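Chains as they are written, first to last, in UniProt numbering: chain F, 1 to 268; chain Y, 1 to 1131.
Just so you know, the hints here were simulated from the structure itself, not pulled from any lab data.
Keep in mind it's a predicted model, so treat the numbers as computed, not measured.
By construction, the Cβ of each residue, glycine as well, lies at the ideal position given by its N, Cα and C atoms.
Treat each hint with caution, since some may be false.
Covered by chain Y, according to a simulated footprint, are these stretches of chain F (three or more residues, beta-carbon under 8 Å) [said to hold, decoys possible]: (1) 8-20; (2) 66-75.
Some chain Y residues near chain F, calculated using beta-carbon distances under 8 Å [said to hold, decoys possible]: (3) Gln72; (4) Gly485; (5) Pro487; (6) Leu766.
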Amino acid sequence: MSLAYDCGDFKVVTMKYSESSSAEHYILMKEHFVRSKCQEKPPDKTLFIVGVPPFVTEELFSGMFSQFGTVKAVFFHSEPNPGLPLMNVSKFFVDYPEVKEYKVAYVVFENARSVEKVLSIDADEKLILLGEEETSPFGLHRWCKEYNRKLINPADIKDEIDNYMEEYDKKVEEEEMRLKEITAEPDEEGWITVTKKGRNPGFARKESVHKNIMKKEKLKVKKKQLLNFYRFQIKESKMNQLVQLREKFEEDKKKIEQMKKSRTFKPF
Amino acid sequence: MKNMLESKGSTFTVEELEEKKNGKKRKLEDGVSTVSKKIKNKGKVVKPPTAEEIVSLKEADILFQSRLFKLQVDEMLSELKPKKSVKRYIPSWLENFKKTLMNLPDQEEAISLDDTKWVEDLNITLPFKRKKEVEKGTFKFMKPVDVCTIGSYDLLCPLGPMFSLDIAVVMPKKFLQKIDNLNQRYHLKRVLYLCYIASKLQDNDLISSEVKFSFSSMSGDITKPLLTFRPSGKLSTFIEIKLFPVPEMHSFIFKRFIPLKNNVRAEWWGAEIEGLQATQYYNASILEDLVLTENHNFKKSFFEKNQHLREAFILMRVWLKQRELSQGLGSFNSHITAMVLVYLMKIGKINKHMNCYQIIRHIWMYLADTDWTSDGPTLCSIEDNDMPTKDIFHLHYDVVFIDTSGFFNIASRLNKYLYLKVKEEAAAAMKHLDNYEINNFKVLFMTKMPFLQQYDTVICLKDIAAIQNVVKQKGDPIRIMDSCGNPVPEFIRLVTDVLERGMGHRISSIGFQTSPDNNWELNSEPSPFVPILIGLMHNHETALSLIDKGPQSNEAGAEDFREFWGDKCDLRRFKDGTVCESVVWGDAESTVEYRRGIVNKIVSYLLNTKLDLKCPIIPSEPFQAIIGCKSDGSNFEREEECRKVHLAFEDLARQLRDLPDLPLQVVSVHCISPVYRFTDPFPPEKPAFHKIIAPLVDDTVKGRLFPDDGNFSYRLQYISPIDLVLQLSVTQKWPNDINAGKRLIAAFNIAISAALKKKCNLSFQLTTDYIVVNKDGYLFRLFLGYSKEIGLLKLKITELGVKQYTDTPESLELEKKFINLPKITGALYGLSEKYSSYSPATCLAKRWFSCQLMDDSHFPTILIELLMASLYLTPQPYTVSLTVFPMFLRFLNLISTTDWAVVPVIVNLNNLLSKEEIIEIEEVFSKERSNYPTLFLATPYDKGGSIWSRVAPTLPVLIRLAKLAATSLQILQMNILKRNPKNIICSIFQPPMSGYDAIIKLDKKLQYRTEETFQRDLSRIPFGRKSDRNPVLPILEFNPVDLYVKDLRNNYSDFALFFYDPHGGVEIGILFKPDFLKRIDFKVTSVNGRKPLLGNDNLIILDPNVEGILEGFKILGEGVVESVNLKNKLI
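Based on the sequences and whatever the hints tell you, model everything.
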C-alpha cells in the first residue's frame, strides 16, 4: 500500500529527524482556520500541524520551516486550541508544565506566502528536522541543564516573589471590594446577591453543605413517624427480616459462585 | 409461560407453584390470569417460609462460624467426593478381585525361609535384608481366609476424586507358625506372601498393565510394605489399590506383644546387648496387623451411621494434609485421626446431632487441651489382667493412644514432635476460627503449608551414607534392633535430641519431615526417606541473643553443661552477680546482621561436633548474605546504615523545630523515605570524595553544577536524598491560589534555609520546591506543605456556583506525600522494630520486584512494603517468622496465588481498625468491586483502599507477576535443597529479557547505580571511601538512566510500556500496547505515531509507525542509548 498524501483537508508531509536517519515521521498540516480569532495566530499566516512527535521543540520547528520564510512563532498544544498556550512568566517557577507526548503545533510565518509554499511542496520531498550543524538538544545534555536550572540563588528570586505576592494581594483586595459592593447594593430588579462577606453572610456553597442540609431534613421527617404502631407495620418488619435473611443467603451464594469461578474448591 | 415464571425470579407464590404443577390446565385461562398475576407481582410478594427454610437459614448463622463458612465447607466437600461413575464401578471390580484372590491355589511344598531365590527369580528385591535364620522356618502359601476393604473408602469417606483403596488380605492362621513372632519371621513371611500374590496377579485383567506394581510403606516402616497397583480400565486414573496382608485374628496371643516383652533376640540380631530388652516398636508393628480389622470394624460401626462424622473426618484430614502432618515417617495418619473421632464419640464429647463444624471444633479443642505424652486416652473398655497398664505404655512410648483391644498403642509410631505440632496447630485453629481479620476457611483448609515456609530455620540432611554412619557411631543399639535396622527413626531422635539440648531457650519447637515419596518398584531398593528436613521454630525474644547462659558453676547440672559444650564453655560473671557457665557467640558490638546468623552457627557447630555431620545444608543461609552484598562483592551493613541515618534525622528534626525567628514555626518533621522504615535495599550513602570529580562547576550559592555546555560523560556516585515533610503552625492566611501558594512556599524555603545556615551552620541548596540540607554527610530534602493546598487542587466550581471537591492526580500526590505516607512510615517503622525480619525480607522482596523489571511505576514500592506488612499482621495460618527466608517464600506465595479480584487486602497497621470497620470495608469492597482498583489495599489511614494502587499495578502486570512469582517459588523449592543454592538464587534474581517487543541497550557508563545489581559482569569504578569535606553540596539524585526512562514514560506512555531494573539495569524492555499495533481507520485525532496509507477503495487507513516510534526513543536518549533492537516481527 502506498502512502496517502491527502487525508481530508490535511496534507501529509514526511519528516526525517536528520539526514542520516532511516526512520520517517508523518505530520499532517493545513492552513489554520477557526472562527474565534486570535491575534497571535493570524489565519492566513498560520500553519496548523497535527501528529507532531515528542522530540520536536520550538527551535527545531522554526529552524526546519525557515526555508519557506521567516517563522515568527511556534506554539504547541496537546489538543487543538485557538488561543495562546499558557506561558511561564517566571524564570524559576514552572506554573504550567511543558507539553509532552505527541502534540499539535501552530507555526506562524511572517508572510502568508510561506504557508502556501509549505503546502505545495512535492509529495516525495522530505523535511529534515535537525540541520547538519546542529546538535541534539536531548539526552544527557538536557538533563544536566535541567538539573542546573532547578537550583536557585535566593537572592535572584526574592524580588520576583515579593512582586508577585504584592500583585496577588492587590487582586484579592479588589475582589473583596467587589463582593462587598455587590452585597450592599440591590441590582436593577431589587435582588441582593448573598456572598460570604457583609453582615448576613450566606452558608458556604459547598456540595457537602448541601448534602448535610438535605440529610437533616430527612431525619426530621423520620422522627415524626411511629414505626411499630399498627399491626401491618409489625407484620411488614417481620417480612422484611425474612427477605433480608434470604437476600443475604443469596448474596453469599453469589460470592461462592464467584470464588468457584476464580479458583475451584480443590484444596490440593 | 415458562419465561414469565423465570422473569419473576424465585419469589413466586405458593398458588403459582401449584399451578405450575397443573400446567396443562392453566393453558386455557392463560390469557386472563397472567395479566392479573403480573399486576399483583408488581408489589412485593413474599413467599411464606417453610419451617425447614427458616431452620436452614438460621442454622448456618448460629451453628456454623458463618453462613459463608458453611457454604464453603459444602463446596469443598463436594469437590472431594469421588466421581459417581467411579463409585459405580468399584463394587463389581472388588467382587472380581476378591474371587481371584480367594481362588488362588495353596502351595504344595514349603520353602525354607532362608531360600529366597524364588523371589529373585520373580525379579523382586526384598525391601529389607534379614539376618540368617537360626531356627528353621518355612514359607508355604495358603489362600487368604478373607479379602475385605478397610480404610477410608470402607468408612464411606475417601479423600478426593483420586484416592487409594485399602484392601486387607487375611492370611490364615495355619500359614503362620508358632514362633513366627520372633526375629522378624513374621515380617519376612508377610513380605513373601505379598511377593507371591504379586507374581500371581502380574498378568491379571483386573489390573492395569501400564502402571507397574510397587511397594509402599505405611508411615515410613519399610519392614511392613504394602503392595500397590492400579486397577485396569477406567478406574486406573482415579484409584490406587493398596494390599494389607494381616494375620487371622488370634494367630498369636496378644500377651506376647505387650511393650516390655522382647521379641528380637540379641544373639540372632548380632549385637552385644545384655539380657532380653523390651522391643516395644517391633511388638507394636505385629500387633498393629493383628488388631487391624477389629479396630476397623469398630470405627465402621460409628461412621456408617453418621454423615456429619464422615464430613468432619474429611475436614480433619484436609486440615492435616495441608500442614503436611499426615504423611511420612511418624505422622499423624488418618487411622489415628479416625480413632480420635471415634474416641470422642465414645466418651460423649461429640454426639450424633452435631454438624461437621461443631465436631471439628470439638476435636481441635480436645487435641489442644489434652496431652498424650503424659496421659493418653484409651478406647478399651474391657478389664483384663494380662493387659499392660497405661503406665507401662507411657514408659515405653513417647505418645500413647490405646486401642479397643487394650494391647496396641495406636500412636506407637507417632513421633513426639509431630504430635506436639498437631497440638499446637489445633490450638491455633481454634484461634483462627474466632479471628475476624482473616478468611478463616482459607486459612484452615485451603492454604498449603510447605515445610520450608513453616519453620524459621530448616536444616536439610540428605546424605544417606552419612546418616547411617551417625546412627552406627552414636545410636542406641537396642533401638536400632527394635526398629529392625531402619536408621532413620533413630537418626531423627539423635538430631532432635542434640538440637533441643543445644539450642535450649532459643527455639520454641522442633519439627521434621522425611521425603514424602514412599513408593518404590518391586525390583528396586526401598526409598531411603531422604532428604530429611529438620525445622526449628525460633523463640522471638531469645533467638538472637549473644550468650547462652547455663547453670551456676556450683549448681547441679553445671557439670553436664560443661561436658556438653566442651571448650566452648566459659565461666562468666553476670550483671545480677551470679557466676554461670555460659557459651558466647558474639561480642557486644555484633550487628543485627551478625546476630541473625547465630542460630545457623550453633546448628552447624552442634551437628559438626556432636554428630560429626559436616556442612548441613541450611537453605536460608545464602539469603541472609545477599541482602547486604553489592555487585562488586563488597558487603555493607544495611540496618546499621539505616540507624545512622535515623540519628542524623532526629538531630535535624530537633534543630528544625527549634529554629527561631520564622514567620511560622515548624511544628512537625516527618521522614517519608524508605530508609526511615528500614526498607531501603540501599540506604543513602554519604558522598565520597574522589579525584576525577570531572568538569563540575562549584557555585558557592547554588551548589555543585554541571558545566554549562552540557558536555558531560563521566560516571558519578549516585546519591539518593532522604525526604522529609515539614508542617508549619496553622494559619488562615495561606492564599487561595495555587501559584501564589507556590511563591510563598519558596519564600519560606529561603527563610528556613537561611536560618539553618545561621543557627546550625548547615550547608544547603535551594530549589523552588524544596531545600537540600547536608546533615552529618547525609543529604536531606525538605518539603513544605500547607493543608489548604490539597483542597485547592481538588476544588471545582460547578455551573451553579457550587463548590465541589473531587480528587485529581495532583491532589492525590500531595495527599500521599503529606498525609498518608508520614503515617504509614511511622507505622512500618514500628513494625520493623517489632519484627526484626521485616526489614530484610522487604528489601529482598523489593529487589525481587526490581529484578523482574517491575519498578515503582508498574508496582509502587510502598505496596510491596504494605503487602509484606500484611504477612506480619495476619500471618495465619503461619506464625510470624524472624528469619528472612520463610517470609520471602510466603511473600512469593502471596503474589502468585492471591486472586486480587475477590480478595481485599486489609493492612491493619497499629490495630487501628475495629472489627466493625473491617467488616464494613469488606462489605463495601464486595458490593462495589468495579469501583476499586485491581489491587485493593486498605490501611487505617486509607479505608477506601485505593490511594496507592489507583494507577498501578494494572491487571496484566499482576498476572505477569503471579506467573513470575510462581516460577521463582518453584525454582526455589525444587532446588534449594541442593548443595550449592547460590546459583539458583541468582537465577531468580535474573531479569527475564525474553517476551519484550523491543529492547533498548544503554551505555553502562551512564548507569550510575551498577553496584546495586545482581549481575557480576559489570565492572565499576571504585570511589575513595573518604567522605566529601567540600562545603559545596554534590550532585544529588542524578542517574541518567532513571531520567531517560522518566522521559520515555512522559512522552510515549500511550504507545508502549517500559520495563527496567532501577537497581542498575542497563537494558530497557519495551512492550507496545496492543491498541497501538492495530491498523485503524483514519481519524485526525489518532494520527499520532502512525502512518497514513491509501487502502482499498481509496479509504485511508493508519498503520503503526513502529520505526518512527523507536527512533523517537533513540532521540530522547541521546548519549545514553547504545542501540534499539526490535525483537520479533510485530505485524
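Do the hints match the structure? See the list:
1. As drawn, the segment 8-20 of chain F meets chain Y at 4 residues by the rule of a beta-carbon pair under 8 Å; at three or more, the given contact holds.
2. With 0 residues having a Cβ less than 8 Å from any Cβ of chain Y, the segment 66-75 of chain F misses the three-residue criterion, and the hint is violated.
3. Interface restraint check: Gln72(Y) against chain F, minimum CB-CB distance 7 Å, threshold 8 Å, status holds.
4. Of the supplied interface hints, the one on Gly485(Y) is violated, with its beta-carbon coming no nearer than about 34 Å to a beta-carbon of chain F, more than 8 Å.
5. Taken as an interface hint, Pro487(Y) does not check out: its beta carbon lies about 31 Å from the nearest beta carbon of chain F, beyond 8 Å.
6. Restraint check, Leu766(Y) versus chain F: the minimum CB separation of about 5 Å is within 8 Å; hint holds.
The structure does not agree with the numbered hints 2, 4, 5 stated previously, though it agrees with the rest.
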